[in-house]
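Student: Residues per chain are reported as follows:
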Amino acid sequence: QVQLVQSGAEVKKPGASVKVSCKASGYTFTAYYMHWVRQAPGQGLEWMGCINPNSGVTNYAQKFQGRVTMTGDTSIRTAYMEVRGLRSDDTAVYYCARSVAVDGPNDYWGQGTPVTVSS
Amino acid sequence: HSALTQPRSVSGSPGQSVTISCTGTSSDVGGYNYVSWYQQHPGKAPKVIIYDVSKRPSGVPDRFSGSKSGNTASLTISGLQAEDEADYYCCSYAVNNNVLFGGGTELTVL
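Residue numbers (the numbering used here), protein chains in the order written: chain A, 20 to 138; chain B, 2 to 111.
A few of these clues could be false.
[As the list claims (entries may be wrong)] Have a look at the derived ranges for each label pair, beta carbon to beta carbon:
id, chain 1, residue 1, chain 2, residue 2, range
1, B, Q82, A, T93, 25 to 35 Å
2, B, L111, A, P33, 18 to 28 Å
3, B, G80, A, S74, 17 to 27 Å
4, B, E84, A, S94, 37 to 47 Å
5, A, A35, B, L111, 44 to 54 Å
[What the hints assert, rightly or not] Derived pair list, reagent style DSSO-like, types lysine-lysine, alpha-carbon separation capped at 30 Å:
id, chain 1, residue 1, chain 2, residue 2
6, A, K82, A, K38
7, B, K45, A, K32
8, B, K45, A, K82
9, A, K42, B, K48
10, B, K56, A, K42
11, B, K45, A, K31
12, B, K45, A, K38
[Claimed, not checked] Some chain A residues judged to face chain B by a derived CB distance under 8 Å, without partners named:
id, residue
13, W66
14, Y99
15, Q130
The hints are simulated quantities; they were obtained by calculation from the structure and are not laboratory data. For glycine and all other residues, C-beta sits at the position ideal for the given N, C-alpha and C.
Chain A on its own, in the form it takes in the complex:
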């Protein structure tokens, strides 16, 4: 069965970086895009971007360009999302979610990784 298992909760200080991982199983990793979506406490979903693990090509939401990097390691079927220069408003649950194309629905989601940014 398809599973996306994310790394555990993180607590970071402002200005630091965080790298969240998402390990995929149960399907061909390179056949699906991996999206990253975040949700601040009590707020809605926010699309951050996606990566094609097969080609490494990324698409980032304009808001995150230059501060977020998405990568994939096909040898271990794992996607990564790094955020640099963390601010308090980056406190959120970060989800990975797969889709067959950039415009396709996200049919499987990870369990979410809480990231807290606090001094």
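Since chain A is already given, all that's left is putting chain B on it; use the hints.
Tutor: Frame of chain A; chain B shown alone:
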């Protein structure tokens, strides 16, 4: 790119129908038939219930239906049940390989 516009909350009694709207622009909702809807229960990851405007993934009850007219998409839930109480988000593909979510709608089953 701005988030898609949804009502903050809707409510209905068991057995009734409710419709949630999602308004965008010709650069997203109106320009593509790639609108999806997600259901999210508290503390859980979102679950896709409608994709490509009106298609339902296997396992999703046919009480859930989607449609689109111009720049506005809609999700209709008929025969409301207690377990439908959740947050609902629309999502659309947008120009330049972007993806936009709506602000979310809280559904209360009275």
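Student: Hints first: check each against the structure and report whether it holds.
Tutor: Right, here's what the structure says about each hint:
1. Q82/B with T93/A: 25 to 35 Å: 42 Å, violated
2. L111/B with P33/A: 18 to 28 Å: 43 Å, violated
3. G80/B with S74/A: 17 to 27 Å: 44 Å, violated
4. E84/B with S94/A: 37 to 47 Å: Holds, since E84/B and S94/A (Cβ atoms, about 41 Å apart) stay within the stated range.
5. A35/A with L111/B: 44 to 54 Å: 45 Å, holds
6. K82/A with K38/A: Judged against 30 Å, a Cα distance of about 18 Å means the pair holds.
7. K45/B with K32/A: 26 Å, holds
8. K45/B with K82/A: 25 Å, holds
9. K42/A with K48/B: 19 Å, holds
10. K56/B with K42/A: Holds, at about 28 Å.
11. K45/B with K31/A: 23 Å, holds
12. K45/B with K38/A: 22 Å, holds
13. W66: Holds, about 4 Å.
14. Y99: Because about 19 Å separates Y99/A from the closest Cβ in chain B, which is outside the 8 Å limit, the hint is violated.
15. Q130: This interface hint holds because 6 Å falls under the 8 Å limit.
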